[in-house]
Every structure is written in C-alpha cells, then in structure tokens.
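S.K.: Below are the chains, spelled out letter by letter.
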Amino acid sequence: MNENFKISPSEIDKIKLLNQKDKNFRLENLKLFNQQGFPTRNQEDWKFSDINQIFSKNFKNLESFKNGIKTKSINFIKEFDHNHILMVNGKLESSEFTFEDKNKIKIKSYTESNFSINNEENSLINLNNALSNNGLFLEVADNYRFEKVIIIYNVFTDDLKNNLLNNKNKIIIGKNSELHIIEYNINQSKNKFIYNTIENVILNEKASLKTINLQANQNDGFFYKYSKGKMKSNSNYSSFIFSSGPKFNKIDAEFDLEGDNCDCSIKSALFINKDKHQEIKTKINHLVPNCKSYQKIKSVVDAEGKGVYQGKIYVKDIAQKTNAYQLSKALLLSENSEFNSKPELEIYADDVKCSHGSTSGSVDENSIHYLMTRGLTKKQAVQLLVSGFLNEIIGDIKSNSVRKFIENKIGVQIHGY
Amino acid sequence: MLVIKNLKASINNREILKGLNLKINPGEVHAIMGPNGSGKSTLANVLSGKNGYKISGEVKYLGESLNDIPVEERAQKGIFLAFQYPLEIPGVNTNNFLKTSLNTIKKAKGEKEIDTIAFLELVKEKAKELGIDEKILSRQLNVGFSGGEKKKNEILQMKILDPNLIILDETDSGLDIDALKIISDGVNSSRSEKKSFLVITHYQRLLEYIKPDHVHVLSDGKIIKSGTSELALELEKKGYKKLN
Ligand SMILES: Nc1ncnc2c1ncn2[C@@H]1O[C@H](COP(=O)(O)OP(=O)(O)OP(=O)(O)O)[C@@H](O)[C@H]1O
Ligand SMILES: [Mg+2]
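Taken in sequence, the protein lines are chains A and B.
Per our numbering, residue 513 is the first one in the first sequence, and the count goes up by one each step.
Per our numbering, residue 1390 is the first one in the second sequence, and the count goes up by one each step.
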C-alpha cells in the first residue's frame, strides 16, 4: 500500500471521543485499515474498481479532517415544496421541517460509533469506523406520514482539496410511517477529495422509505457509499440512483429482508462520460418467505468512461415464495467505453421466482439513421437515444414535479457531454 | 428538382443499383414499381444519404450535387423519406422527437424555432387530418404502434416537416382501405408546384388515388421501362415477367 495513505493513531485523538469503548473500537478499525490499505482488485467486491490504484493515481497524500469550512451560498430548489436538511462536508448544519409535525421527527448530528456495522473484508468501512465524526441521525416516529419530501442538500465546499471525509448517517422509520428523501449532492470544489460514507437504514413494520440520490455535476470528487438496510415485515423501500459527473462513484447497497412481505426496489440511471468511473453494487438478502426485490440498473458509458454493476441476490433456505428480479442494461457510446457486470444468484429455497439478466451494446445505427433522416445531427440523435434509454428509469418517478426536475438535471449532463 | 445519372450502388460487395437514370421536375409525381429485391428501397436509402453504400454516378438535387452531403443536411434541405419499415425507438417520446426535428430543420433554414404551444397546435391539426389518435404521439416513437399507425406517423412527419422532395417507400402496404384514402388525401393536399414525389409501390390501387405523372419499372437495379399511369395498369394485368 501507498505509505502516504497510512493513518496515524494520533488522528483519532482529534475526534471528540465518547468513551474508552468508542476509542478502542476506532483504534481496532484503524489497525485493520492500515494492515489492508484501500481495497484492490484482488478482492472480489472490488474486482472492477481497484480503488487502491485509483486513489494512488489521484492522490499523493490525504488530509483526514477539514476544519473552518465556509459554504458558498447554495440555490435551494424552487420547483416544488420541500423540507430540507443541510449537510456540509458530511456535517449536519441545519434543518427545516416547515410542512411537518416536528414532534414526530428526531434529528441530530450523528457522532456515535455504530458497532453493528462492521466488515472485516471492506477496509473502507474500517476506515470509516475509525475516523468518522460527523453525520445525520434522523428518526421518524410511528404512524407518521410526511406531508412533503425532505431534500438533503449534501454540499461539498470549494476549499476541499486532498481531503478524506468520513461520515455516517442513520435513518430509522417508525412503524407504519412514510418518508420521501431526495439526497441532492452539490459539489462546489474544483479539486479532488474522497467522501466515504456509511448509511444505516432501518424500516420498521409497515414503514415506507423512498429515496432519490442525485449527483449531477461534473466534478473531481471520489464518492463511496455503503448503505446497509434492515427491513421489517410489510415494509417498503424504493431507491433511485441518478449519477452523472463525479470522477468516481460507487454505491454499495446491502439490504436484509428480515420480515415477511417486504418490498425492496433499487433503480438506477447512470451517465458516465469522459474518464469517469462508477459502480453500483447491490446485495439483497432474502431471509424470510414472501418478500419481493427488484433492481434495474441502466448505464450509459461514453469515451473513456467505465461502468460496473455487481448484483447479488441471496435467498435463504426458508425464504420460500421469494420474488426477485434483477436487470442491468448498458449502452456504450464509444469503442473505448467499458462496462462490466456480474449478476449473481445464490438460492437455497426451492419455491422461488428469481430472474436476472445483463446486456450491453452500442447505440443502434439504424435508429441513428432514422433520426438523422429527420434532420437531427448525429450528436442530437445520440443524445435523444441516450435520454430515451435512461428515461425508462426516470419515468418511474411518480411525482411530476420531481420527475421533471430530475429529467432536467440529467438532461443537462447528457447535452453537455 | 432531382436528376440521377448512371447511379450505381453496392453494399457488402454486391452491386444493387446498376446504372440508374431518373429526372423529376418540380411539382411532378413519379411512381416506381418493380419486383421484390429489385433495389427500390436501396434507391430510397441512397437518396436519403444512408451510410454504408459504395456509390458512383451523379445525384443532383435542386441543381446541387448530393454526393458529399450527409444524411441530416439532406433532410434539412428538404429531402424526406417515409420508410417502408418505420423503426421503433424505445424511450424516445414521439412529440418530443418531432419538435426537435422540426426545430433543427427550421434553424438550418434560418427560420425562427417554434415554441411548445404552437408546436402542439400544429401537431394536433395535422394528426386530426390524418385520423391519428393524438394519444399515440405522447408514447414512445413507433413502439407498439400498429402497422397502419406507423405508416400514418411517417406521413404526419412529412406534413409537419414540409419537405420538397418526398420519397414514399411502400407507404401503402399494410393499410386498410380507409387509411389508404386518408394517406392519399394527405399526400394530394400536399402536392404543389414546389414539391415532388417519388412513390414506391407494388399496387396499382395507390396510383388511382395518387395520380402519377410518370411510372417507372425498376428491375435488377435499372429502370427498364417508363411510361404514364397506363403502364401501371398494364403491369397489374401482365406482371413483370412479360415486360422485356
Ligand atoms: N446490406 C445489404 N447487404 C447485402 N445485400 C443487401 C443489403 N441490403 C439490401 N440488399 C439486397 O439488395 C437487394 C435490393 O434490396 P431492396 O431492399 O432495395 O429491394 P426492394 O426493391 O425494396 O424490395 P421489396 O419490394 O421487397 O421491398 C435485395 O436482394 C437485398 O437482399
Ligand atoms: Mg423495399
């Protein structure tokens, strides 16, 4: 490993520690990280995204914390009413729940160690466990349905440079409650930095959480997000991932379906241009009978871009009547674009309905010709086909105003390529 | 309008057009008939500027050689091809595509672009004329359209884009009698001094609705016979074999 990436245990003293148990947990995790370094392609989970090599190429040294942060003013979304939470470099700055009953919402800065999320095989999680000192804790009480969506403005300030930010978020949705979140990443930095985040989502009985994660500006940020979800019976999770622009983005989602009749859906539309690298990795664990899971990942890769999808569906022996679906489709715009996919099924129950598939190909020349006979330039034709390809995912957003907003944000990326 | 001299076209080392000559004056309607595989669609493709053909000879449109003009510029200059098999293009909204197309062509002509409201009015009017259910226009381009709806959609595009040289490749195939009449009316109402049509068809019936000034027979990559609409009647009776 690059010696510059070794982190001294004295770094941990910079964190306001809670207690000795916390400190030991952090030291232990730091030791694990220092032993392994950043993950390499020799690890199955990082086979197509050698983050060690990528970081070595892009960073000489890394500074773990960032103090004295100033935010440039940000434009709040005006297209539709919403509550908001402002996060700056992973730290909770402010929140406003104009449309809600505030007694039903618990929100605070999340600084605790989360002893339950541990993974010996993923050194980024060790690193996060060792150093994360910021984050969002959000809990919705039982029987409360949000009136309006929450937008989490996730701002990265322009003074970030060679920083390594670690953050942890925890979201708990009470029984029979419902929440919609849009996580809107705004990157003001023109420089390279790493954002390593762990998200812990807990959905209690009959809870429903719908999230949209949006990255839509060209930037030099390197993002890794590990999202761990636990779903109780009759709960419903739906996630959309729209990402275009960051230099590197890997979203690693692992959901445990622990109660019967729950429904877990992950849909993604990626537009990967220039030399950007993005990966979606999903692992859905069907641990009980009668649950449903669905993943549809659509990726467009241009120029020297690289896209990856690794998806695994695990069905435990007792998880009969599981209904699991997984599909990855990629569109390659250039001879130099690359897409790798690894769909996997691991099924131990016999009465299940599982399907998976993966396709990748280039844009249909006949379609381009057809559009060009109507006066469109090649570029316009390709852009129209690319939008069409990704619109299949965007079109599934139910709210008209949100869908238009996302369509527009992604459209700007496609038309600017 | 269009002058074709000794046009040869081959693809995958196979010569398909083998020295074709044709002259179409402004305002004229020419029909091309000919056996399956004789090269009719190839001619239409070559005129539209489709890539992949090796071409020799000369094609002049409005006095200008088309040899080095790419597909989209031909369209912008007013050449329109209604496809024999209109493509299904998933994800692309029909209205959105039509508007992009119209505005690109307008821009190329130096005209002012049309706004969404005016565009929707225009589409509504033209769709009504052609008996097209407006609802299909908010669907994905040709996806799940019936055969007839696809053909009508081609004519709708012709009406909206307002081209000068219109090539209809078997637009009549697969249409019911009513649709055939509507489409023919659509074509006839577009006829003018400035527009010329090249109508490819297998059926004399279409030529009863759209009266051609000239009828040509294309066989094995060449025009082997030309005449008036009488020729179409004769072909209907005798078939192509007896021609030579
Ligand atoms: N890409 C290609 N490679 C090889 N041969 C081709 C190719 N495209 C067309 N051909 C051949 O060229 C010949 C002419 O085809 P074309 O589609 O122009 O016929 P057509 O007159 O339109 O027939 P139809 O009446 O059946 O529509 C056919 O024999 C066809 O198989
Ligand atoms: Mg044909």
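Please keep in mind that the hints were generated in silico from the structure rather than gathered at the bench.
Predicted model only: the values in this text are computed from it and were never measured.
C-beta atoms are modelled at their ideal positions from N, C-alpha and C, and glycine is treated no differently.
Incorrect hints may have been included.
[Claimed, not checked] Which residues of chain B face chain A? A few of them, derived with a C-beta cut under 10 Å, are:
#1 PRO1475
#2 ASN1492
#3 ALA1497
#4 GLN1529
S.K.: Are GLN1529/B and chain A close enough, Cβ to Cβ, to be under 10 Å, as the hint says?
M.R.: holds, 7 Å
S.K.: Hint check: is the beta carbon of ASN1492/B less than 10 Å from a beta carbon of chain A?
M.R.: Holds, about 9 Å.
S.K.: Does the nearest C-beta of chain A fall within a distance shorter than 10 Å of the C-beta of ALA1497/B?
M.R.: holds, 7 Å
S.K.: Would the stated hint for PRO1475/B survive a check requiring a Cβ distance to chain A of less than 10 Å?
M.R.: holds, 8 Å
Checked against the numbered hints above, the structure breaks none of them.
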